[in-house]
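Generate the whole structure from the sequences, applying the supplied hints.
Chains A and B, in that order, are what the protein sequence lines are. When we follow my numbering, the leftmost residue of the first sequence carries the number 49, and every step to the right adds one. When we follow my numbering, the leftmost residue of the second sequence carries the number 49, and every step to the right adds one.
It cannot be assumed that every hint is accurate.
Identical copies look the same in the list; a pair holds intra-copy or inter-copy alike.
[To be verified] Here are the computed lysine-lysine pairs in the DSS-like style, where the Cα-Cα straight-line distance is at most 25 Å: (1) Lys142 - Lys231; (2) Lys347 - Lys272; (3) Lys377 - Lys213; (4) Lys354 - Lys267; (5) Lys302 - Lys213; (6) Lys142 - Lys213.
Just so you know, the hints here were simulated from the structure itself, not pulled from any lab data.
There are 2 protein chains.
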Amino acid sequence: MLLKNDLILRAAKGEKTERVPVWLMRQAGRILPEYRAIRERLSGFKELVTTPQLAAEVTIQPVDILDTDAAIIFSDILVVPEAMGLDYEMLEAKGPIFPKTIKTSADIELLTTKTAIENLAYVFEAIRVTKKELNGRVPLIGFAGAPWTLLAYMVEGSGSKTFSKARKFLYSEQALAHQLLQKITDVTILYLKEQVKSGADMLQLFDSWAGILPPDHYKEFSLKYISQICDAVPEVPLTVFAKGAFFARREMGKLNCRTIGLDWNMEIGESRKLIGDDKTLQGNLDPCVLYTSYEEIRKHTRQMIKEFGTQKYIANLGHGVYPDTDKDKVKCFIEAVKEYSA
Amino acid sequence: MLLKNDLILRAAKGEKTERVPVWLMRQAGRILPEYRAIRERLSGFKELVTTPQLAAEVTIQPVDILDTDAAIIFSDILVVPEAMGLDYEMLEAKGPIFPKTIKTSADIELLTTKTAIENLAYVFEAIRVTKKELNGRVPLIGFAGAPWTLLAYMVEGSGSKTFSKARKFLYSEQALAHQLLQKITDVTILYLKEQVKSGADMLQLFDSWAGILPPDHYKEFSLKYISQICDAVPEVPLTVFAKGAFFARREMGKLNCRTIGLDWNMEIGESRKLIGDDKTLQGNLDPCVLYTSYEEIRKHTRQMIKEFGTQKYIANLGHGVYPDTDKDKVKCFIEAVKEYSA
Chain A
49 MLLKNDLILR AAKGEKTERV PVWLMRQAGR ILPEYRAIRE RLSGFKELVT
99 TPQLAAEVTI QPVDILDTDA AIIFSDILVV PEAMGLDYEM LEAKGPIFPK
149 TIKTSADIEL LTTKTAIENL AYVFEAIRVT KKELNGRVPL IGFAGAPWTL
199 LAYMVEGSGS KTFSKARKFL YSEQALAHQL LQKITDVTIL YLKEQVKSGA
249 DMLQLFDSWA GILPPDHYKE FSLKYISQIC DAVPEVPLTV FAKGAFFARR
299 EMGKLNCRTI GLDWNMEIGE SRKLIGDDKT LQGNLDPCVL YTSYEEIRKH
349 TRQMIKEFGT QKYIANLGHG VYPDTDKDKV KCFIEAVKEY SA
Chain B
49 MLLKNDLILR AAKGEKTERV PVWLMRQAGR ILPEYRAIRE RLSGFKELVT
99 TPQLAAEVTI QPVDILDTDA AIIFSDILVV PEAMGLDYEM LEAKGPIFPK
149 TIKTSADIEL LTTKTAIENL AYVFEAIRVT KKELNGRVPL IGFAGAPWTL
199 LAYMVEGSGS KTFSKARKFL YSEQALAHQL LQKITDVTIL YLKEQVKSGA
249 DMLQLFDSWA GILPPDHYKE FSLKYISQIC DAVPEVPLTV FAKGAFFARR
299 EMGKLNCRTI GLDWNMEIGE SRKLIGDDKT LQGNLDPCVL YTSYEEIRKH
349 TRQMIKEFGT QKYIANLGHG VYPDTDKDKV KCFIEAVKEY SA
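Printed below as a string of structure tokens:
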């Protein structure tokens, strides 16, 4: 089906765009009352993730309500460990918990790669339903967690300020860590390819806990596997967003992907220099700017576009939108991008 | 009194040292059974902080047990907001909580600068007792939180993954933020000067939440005040440790202080280039290395010293030692520094 708005795909491919495309991480859900209305009827977050019709509905809400230039499939990075056999629970205020964690070689051997993709059928169905209902309005972004970030949760068992158990694992159990990362990588490659077959127009890898590793560990235990994924999934433009990995920007510029996401700590000009002119950049407004006045939001958005320029650029925040953000402020940001970059 | 071991002071001043001095952040407490034995007898953390004889005792423990080249006074960065009139509680697993937070100009006006220093008399007494009992064995480090980090707690009311309330305050209430930061800075300058008068041989500023700010905000709301403190406290060598502020290393090189602390995300060679040859550097072993084998600890320590060199350098971890670290592993790190740098 022909896309009516393919701005973000052209920006990702490095083609000329008449204005800067814009979307938000975590735009599907969190900030919209329309999302919360659906969410409240359900038993929990996971029911929403695993019910394709509902996942599709909340995926499309931000396109309808906020007028974003892309939809991102409503899901979670932790569906992959779950599909490999490591169940998680999503606790309301506390975040994800894994009742069992990975400690030994036997734990890793128990993880399935073979049936993992079948277990993720509900994601592919959600993508198909979404594509149908989007009817070509905007591209649909698929995604996965980067292998290191998934290992971090699978070993730590929950979110953490330090992820010290997961980081200890990298030092103490190097061979096991590589074995686990390779297994996650293999599944992730199949998972992303299947997302594309199901209709995803574009992909993003989230390395949410990149910033907690020392640079040498990041290269050894994260970038290596991200690089494998980039090489193996050439079908659609891929974005790598490694939060906090300021120290790896030069190396990220050499990845076989199209777009690099920046967080709000990364200076724009310096990042462009380190990453190089070939890549498209995405980001990186501080999500807290959306707490300020309409005037301030417009001012900061304009300044950001001035620094990034209007080509090879996808506007976004430097992280997911915070849950208590006023949706009218989000709209203001999106409109400001469209206005100032045209 | 003449110091028997003044290695760390000479390293900080850029003078020649026969080997690299070493100490740990959070060395006073946390990892030592001898500390926990004292702690268990008391009503809570704050009783320990506010009782000079006990604070002195746990300050000296790591010198006795671990053979560090410096003691750091046992205290907390949050004693300053408390002394200004904003009480905090230290909850066992949750960390600090401020029942009241700063929201308005009136809240800031209520904070005292005049009596703040009197309210901190127990810290100065703890320093005097410690100095007497140390009897010149090693230098004593005094410290304070950087103004931005204190504001972050005072506005947020607790620790936080995003400190989004505190960061919102910087965007929405710029004038109030500056008013509060100046007030904290004024008290901090008096506080550090009084620590020196009481016997502190050296000082460190902890900017624990530096890494959560965008670079322009960091310069405006944090470095500006750190710079004032550096200029106002020339009596003893001062170290600035701004965790996560990789983007400000060049500017930190221009501060009127002697030492810059690096976290484990910051590459050593690059940091030296950005900060310049004049400053002494401190850091930056990943605290997780101390979870590994004695052999691995020695290997990583040796590599670190090779990268830093043995002059204008103070060995440390890249953050506070994690509470579940084996004290024999800490000892191994300390001995490895002494052995490899001699």
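Hint check results:
In this assembly of identical chains, the alpha carbons of Lys142 and Lys231 never lie at most 25 Å apart, being 28 Å within a copy and 35 Å across copies at closest. Taking identical chains as interchangeable, the C-alpha atoms of Lys347 and Lys272 lie at most 25 Å apart only when they sit on different chains, with a minimum of 23 Å there against 39 Å within one chain. In this assembly of identical chains, Lys377 and Lys213 lie within 25 Å of each other by CA distance solely across copies; the values are 16 Å between and 39 Å within a copy. In this assembly of identical chains, the alpha carbons of Lys354 and Lys267 lie at most 25 Å apart only when taken from different copies (20 Å versus 32 Å within one copy).
Proximity of Lys302 and Lys213 under a CA criterion of 25 Å is satisfied in neither setting, with 30 Å inside one chain copy and 37 Å between copies. For a Cα distance limit of 25 Å, the shortest separation of Lys142 from Lys213 qualifies both inside one copy, at 18 Å, and across copies, at 19 Å.
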